[in-house]
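S.K.: Sequence:
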Amino acid sequence: MSSRGGMWTLSRAVDSFERHRERWDTLNKASGNHILLDSGLVSLLLRHFGSDRIFLAVCDEPDRPGMALVEKTRSGFWQTFQPSQAPLGLILLGSGHDVPGQMRRLIRSLPGYALGLAVLHQDPDYSAFAGLPPGGGVETVDYIRTARVTFSGTFEDYWKARDRHFVRDLARRRRRLTESGIPAELSTIREPGHVAQAIREYGRLETAGWKAELGTAISADNPQGAFYRELLEHFCERQEAVVYRLVLGGKTAAANLCLARDGMLVVLKTTYDESLPAFSPGRLLDEDMRRALFTEGRIKVEEYYGPFNESQGKWTDEVRTLFHVNVYRSGAVRRLQQVVKTSLAWLRDRRKPPHPPAA
1 MSSRGGMWTL SRAVDSFERH RERWDTLNKA SGNHILLDSG LVSLLLRHFG SDRIFLAVCD
61 EPDRPGMALV EKTRSGFWQT FQPSQAPLGL ILLGSGHDVP GQMRRLIRSL PGYALGLAVL
121 HQDPDYSAFA GLPPGGGVET VDYIRTARVT FSGTFEDYWK ARDRHFVRDL ARRRRRLTES
181 GIPAELSTIR EPGHVAQAIR EYGRLETAGW KAELGTAISA DNPQGAFYRE LLEHFCERQE
241 AVVYRLVLGG KTAAANLCLA RDGMLVVLKT TYDESLPAFS PGRLLDEDMR RALFTEGRIK
301 VEEYYGPFNE SQGKWTDEVR TLFHVNVYRS GAVRRLQQVV KTSLAWLRDR RKPPHPPAA
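Each residue of the sequence shown is one higher than the one before, starting from 1 at the first, in our numbering.
Derived from the structure by calculation, the hints contain no laboratory data.
Errors might be hidden in some of the hints.
Capping the alpha-carbon separation at 25 Å, the derived lysine to any residue pairs in SDA-like fashion look like this [stated by the list, open to error]:
id : residue 1 : residue 2
1  : Lys211    : Arg298
2  : Lys314    : Arg329
3  : Lys251    : Arg172
4  : Lys29     : Arg148
5  : Lys72     : Phe155
6  : Lys29     : Arg298
7  : Lys160    : Arg291
8  : Lys29     : Leu268
9  : Lys251    : Asp273
10 : Lys300    : Thr321
11 : Lys72     : His121
12 : Lys300    : Val267
13 : Lys211    : Gly313
14 : Lys269    : Asn309
Pair by pair, the computed Cβ-Cβ distance ranges are [to be verified]:
id : residue 1 : residue 2 : range
15 : Ser75     : Asn222    : 26 to 36 Å
16 : Asn222    : Tyr113    : 32 to 42 Å
17 : Trp210    : Ile144    : 12 to 22 Å
18 : Leu186    : Gly96     : 39 to 49 Å
19 : Gly112    : Thr188    : 23 to 33 Å
20 : Arg162    : Asp221    : 38 to 48 Å
21 : Pro124    : Thr9      : 28 to 38 Å
22 : Ser330    : Asp169    : 21 to 31 Å
23 : Leu186    : Asp63     : 45 to 55 Å
24 : Gly250    : Ser16     : 42 to 52 Å
25 : Asp98     : Gly297    : 23 to 33 Å
26 : Ser330    : Ser84     : 13 to 23 Å
27 : Asp15     : Gly249    : 41 to 51 Å
28 : Arg172    : Ser152    : 21 to 31 Å
For every residue, glycine included, the Cβ atom is placed at its ideal position computed from N, Cα and C.
Generate the whole structure from the sequences, applying the supplied hints.
M.R.: Below you can see the structure in the form of structure tokens.
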């Protein structure tokens with residue numbers, strides 16, 4: 001199927017994406033070359049978590065190329081394909097010119113009579129949707145605040161800027177570890193052939209912790225474990241992945257699964273041994289990892305791409321807001337949507353039981 005004027009074409013993503021990987025990567029390289037938008041990651045997301053409901057949309061306009069993975073969420077409304085393992089929205093635009101118009105043309109290309117498209121998980125530093133003026137059928141919604149660590153100067157300078165109570169607490173835990181006679185080592189895994197064992201060790205830690213109770217833990221034999229094993233193997237082959245581990249007494253006590261490209265390190269997943277709270281192995285690993293990154297000098301920024309929390313605030317004060325963009329078929333559709341939301345909120349308030357009188 002195609003849009004009017006032949007500017008957008010749509011196909012089932014699980015069947016067609018592999019044929020378009022080179023085109024996807026060419027567009028990504030022209031748009032910042034973000035590793036979280038690499039076709040290798042996208043391909044694995046589709047293979048492990050995709051379905052035939054997901055469409056690959058391709059815009060062939062020479063001055064405004066674009067590609068996106070989209071799926072229908074309810075009658076008339078669509079969104080970018082967004083499994084929880086994808087930190088960023090899977091859409092690429094080659095130009096920041098008339099982005100709302102380009103999205104409305106995509107909306108008119110979607111099967112049925114589409115009314116709106118939600119573009120999810122956008123990073124203002126890498127998105128063609130950053131800075132869009134409000135109105136005209138476009139709505140920007142804050143998603144999460146997320147943190148980064150910039151590696152400039154020396155580790156000593158960075159460490160002096162941290163809260164002194166936090167620094168003292170980590171030093172105290174490290175002394176406790178030394179006094180216990182437990183040898184500690186920072187270990188890195190970069191070889192594809194060692195990734196499977198790293199995922200088994202990671203799964204051992206995570207399935208013994210709180211994530212197991214929620215059913216979200218990675219293990220070597222579940223779909224998440226298979227995805228991250230294949231992902232890290234793929235990027236290790238390109239020297240763009242690394243697993244950092246804190247090894248205590250010969251056993252992995254904490255691990256960070258990471259991708260790296262063009263001076264950016266993205267920490268995808270973290271875990272630690274919850275039976276060792278006296279040593280705080282997760283924090284000791286983060287300290288050792290960052291000390292090594294400052295020394296090596298290849299990485300210029302570490303990205304979290306998860307919700308900012310108090311613990312992360314001890315490591316950095318660099319925080320920005322990721323956002324979603326809702327694009328409607330027209331301004332009238334957006335106004336109608338707002339009326340519906342307001343009416344539903346009013347009805348919910350009306351149905352709430354009245355508060356009992358004060359005693």
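S.K.: So, for every hint listed, does it hold in this structure?
M.R.: Going through the hints against the structure:
{"no.": "1", "hint": "Lys211 <-> Arg298", "in the structure": "violated, 33 Å"}
{"no.": "2", "hint": "Lys314 <-> Arg329", "in the structure": "violated, 44 Å"}
{"no.": "3", "hint": "Lys251 <-> Arg172", "in the structure": "holds, 21 Å"}
{"no.": "4", "hint": "Lys29 <-> Arg148", "in the structure": "holds, 22 Å"}
{"no.": "5", "hint": "Lys72 <-> Phe155", "in the structure": "violated, 47 Å"}
{"no.": "6", "hint": "Lys29 <-> Arg298", "in the structure": "holds, 20 Å"}
{"no.": "7", "hint": "Lys160 <-> Arg291", "in the structure": "holds, 13 Å"}
{"no.": "8", "hint": "Lys29 <-> Leu268", "in the structure": "holds, 21 Å"}
{"no.": "9", "hint": "Lys251 <-> Asp273", "in the structure": "holds, 10 Å"}
{"no.": "10", "hint": "Lys300 <-> Thr321", "in the structure": "holds, 20 Å"}
{"no.": "11", "hint": "Lys72 <-> His121", "in the structure": "holds, 17 Å"}
{"no.": "12", "hint": "Lys300 <-> Val267", "in the structure": "holds, 14 Å"}
{"no.": "13", "hint": "Lys211 <-> Gly313", "in the structure": "holds, 22 Å"}
{"no.": "14", "hint": "Lys269 <-> Asn309", "in the structure": "holds, 15 Å"}
{"no.": "15", "hint": "Ser75 <-> Asn222: 26 to 36 Å", "in the structure": "holds, 33 Å"}
{"no.": "16", "hint": "Asn222 <-> Tyr113: 32 to 42 Å", "in the structure": "holds, 39 Å"}
{"no.": "17", "hint": "Trp210 <-> Ile144: 12 to 22 Å", "in the structure": "holds, 20 Å"}
{"no.": "18", "hint": "Leu186 <-> Gly96: 39 to 49 Å", "in the structure": "holds, 41 Å"}
{"no.": "19", "hint": "Gly112 <-> Thr188: 23 to 33 Å", "in the structure": "violated, 50 Å"}
{"no.": "20", "hint": "Arg162 <-> Asp221: 38 to 48 Å", "in the structure": "holds, 39 Å"}
{"no.": "21", "hint": "Pro124 <-> Thr9: 28 to 38 Å", "in the structure": "holds, 29 Å"}
{"no.": "22", "hint": "Ser330 <-> Asp169: 21 to 31 Å", "in the structure": "violated, 56 Å"}
{"no.": "23", "hint": "Leu186 <-> Asp63: 45 to 55 Å", "in the structure": "holds, 48 Å"}
{"no.": "24", "hint": "Gly250 <-> Ser16: 42 to 52 Å", "in the structure": "holds, 48 Å"}
{"no.": "25", "hint": "Asp98 <-> Gly297: 23 to 33 Å", "in the structure": "violated, 41 Å"}
{"no.": "26", "hint": "Ser330 <-> Ser84: 13 to 23 Å", "in the structure": "violated, 32 Å"}
{"no.": "27", "hint": "Asp15 <-> Gly249: 41 to 51 Å", "in the structure": "holds, 50 Å"}
{"no.": "28", "hint": "Arg172 <-> Ser152: 21 to 31 Å", "in the structure": "holds, 28 Å"}
Checked against the numbered hints listed earlier, the structure breaks hints 1, 2, 5, 19, 22, 25, 26; every other hint is satisfied.
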